[in-house]
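All chains, full assembly: derive it from the sequences and hints.
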Amino acid sequence: MRSDPQAPIGEDDLHAFVDGRLDPMRAPAVERYLAERPEEAARVRAFASQRDALRAALAFKAVEPIPTRLRIETLRAARRRAALAWGRIAAAVVLLLLAGAGLGWTMRGTLQANLVPAELPSAPTALHRLIAQGPTRLEASARDTNITGWLREHLGEAIPLPDLSGFGFALEVAWVLPAQARPSAMLLFVDPDGIAVSVWRRPAHDPVPRPMRCADEPGGLVTYSWSDGRHLHAVTAFLPRERLRPIAQAVERAMQPPAPERSGLVAGLVRRPCDTVG
Amino acid sequence: MADRDRRMEVLVPALRRFAWSLTRNADEADDLVQDCLEHALGAWHRRHADGNLRAWLFAILYNLYVSGRRRSARRARLLEQVAQFGEIATPVGGADASVHCAEVLDQLDTLPEEQRAVLLLVGVEGLAYDEAAEVLAVPIGTVMSRLSRARERLRRLGEGRPAGVVPLRRVV
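Each protein sequence line maps, in turn, to chains S and E. Residues in the first sequence are numbered consecutively from 1, following my numbering. Residues in the second sequence are numbered consecutively from 1, following my numbering.
No wet-lab data here; the hints were simulated from the structure. The structure displayed is predicted, hence computed values, not measured ones. Glycine residues also receive a C-beta, built at the ideal position from the N, C-alpha and C atoms. There may be inaccurate statements among the hints.
[What the hints assert, rightly or not] If you want a taste of the chain E side facing chain S, the calculated C-beta under 7 Å gives, among others:
{"#": "1", "residue": "7"}
{"#": "2", "residue": "10"}
{"#": "3", "residue": "12"}
{"#": "4", "residue": "20"}
{"#": "5", "residue": "38"}
{"#": "6", "residue": "39"}
{"#": "7", "residue": "41"}
{"#": "8", "residue": "104"}
{"#": "9", "residue": "105"}
{"#": "10", "residue": "106"}
{"#": "11", "residue": "137"}
{"#": "12", "residue": "138"}
{"#": "13", "residue": "140"}
{"#": "14", "residue": "144"}
{"#": "15", "residue": "151"}
{"#": "16", "residue": "155"}
See the structure below:
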């Protein structure tokens with residue numbers, strides 16, 4: 001608001017006076033003005049009494065108890081439920097995409113030949129089971145299960161769980177999808193806003209590491225995938241690339257095999273930045 | 001996280017009042033607040049970190065209201081409810097107060113939408129002029145001129161009666 005005590009009185013001064021938002025420098029001038037002009041003073045009083053009447057008429061609403069459905073906690077719980085239901089669908093979509101696209105790699109030749117024929121038919125089968133049966137013994141909730149132990153038991157190997165709390169994501173559900181001798185694991189992380197990120201991991205058949213690459217699917221689903229030569233990984237979410245990329249990189253770091261495994265010649269050669277569309 | 005939820009929830013009563021004063025229907029108002037909060041939870045990461053939470057939430061609510069109001073069905077319902085709101089607005093005070101309240105709200109309804117919103121945001125919700133400008137996405141000068149026109153219009157509607165005195169007596 002205007003603070004020059006000399007400036008002529010304006011309509012905005014009168015309203016600021018009514019609303020108690022008048023600059024202190026300005027107040028004496030406005031008060032003097034109103035004292036000398038009873039008609040203007042009456043107008044200002046009318047404005048103030050209008051406002052008081054409106055406040056009185058609406059006051060009851062602000063003191064009513066808040067309905068439970070408007071509690072933030074309630075809304076968050078609903079978002080989590082929606083994210084989980086949605087996350088199951090997203091997980092299914094990911095599996096279909098991975099199955100259909102040769103595990104997300106579009107590289108031709110040996111890799112695809114290696115991956116597609118023998119092992120992938122099992123993924124849709126597992127997927128079918130996941131969808132058709134709903135919660136099965138292959139699903140574990142992070143709330144009431146020791147996920148690390150549960151995964152070790154069902155996968156036959158320990159799996160390093162990424163900590164995504166720095167991004168606001170917490171592990172919610174884990175699935176083990178049996179695929180012949182080599183089951184894969186799917187981890188679903190959910191953030192308080194109800195956004196789901198899925199992490200998929202399966203033993204690799206091809207010992208050659210593949211650098212991280214990104215694929216956009218229609219509908220806004222983004223997948224970062226890579227292989228460290230021991231496992232194939234995919235991180236998928238309906239998130240913009242620039243938000244998902246650091247998450248995928250954090251998962252990659254967390255799931256890296258111990259150092260000696262990475263000292264092979266190929267490891268350094270194939271790694272490159274993941275900023276290009278494949 | 002808990003702090004952010006708490007800061008949001010503290011504003012729920014004011015959001016409900018604003019929503020009710022726009023829709024004049026309890027269920028519709030709470031639907032609007034729920035939409036607003038859900039939207040805010042989902043869009044939290046798009047919010048400016050140092051932005052004004054109150055203005056942001058009011059802006060979401062108002063935008064949802066305006067876009068929803070374009071639907072003609074809602075508008076038809078709204079007109080129907082004008083006939084009833086005298087009863088809805090009775091919880092405070094006695095019969096005289098309720099008559100007066102109903103009258104004030106009645107007069108409020110005669111204002112153009114954008115003047116009504118300014119009057120509610122500034123006069124009832126206590127938003128600063130720049131906050132109201134942010135909510136309505138208009139320059140502060142526009143807020144001042146709408147406020148001025150709204151108040152002048154209501155004053156003329158109420159003219160001929162001593163200010164602050166309950167003007168009507170209900171004869172039962």
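Hints versus structure:
1. 7: violated, 10 Å
2. 10: violated, 10 Å
3. 12: The hint holds - residue 12 of chain E has a Cβ within 7 Å of chain S, the shortest such distance being about 5 Å.
4. 20: holds, 5 Å
5. 38: holds, 6 Å
6. 39: Residue 39 of chain E check fails; min Cβ-Cβ to chain S is 10 Å, beyond 7 Å.
7. 41: holds, 6 Å
8. 104: holds, 4 Å
9. 105: Holds, about 6 Å.
10. 106: Nearest chain S Cβ about 10 Å off; hint violated.
11. 137: Because about 20 Å separates residue 137 of chain E from the closest Cβ in chain S, which is outside the 7 Å limit, the hint is violated.
12. 138: This hint is violated: residue 138 of chain E lies away from chain S, its Cβ roughly 15 Å from the closest one there, beyond 7 Å.
13. 140: With a minimum Cβ separation of about 9 Å from chain S (threshold 7 Å), the hint on residue 140 of chain E is violated.
14. 144: holds, 5 Å
15. 151: Holds: closest Cβ of chain S sits about 5 Å from residue 151 of chain E, inside 7 Å.
16. 155: holds, 5 Å
Checked against the numbered hints given earlier, the structure breaks hints 1, 2, 6, 10, 11, 12 and 13 and satisfies all the rest.
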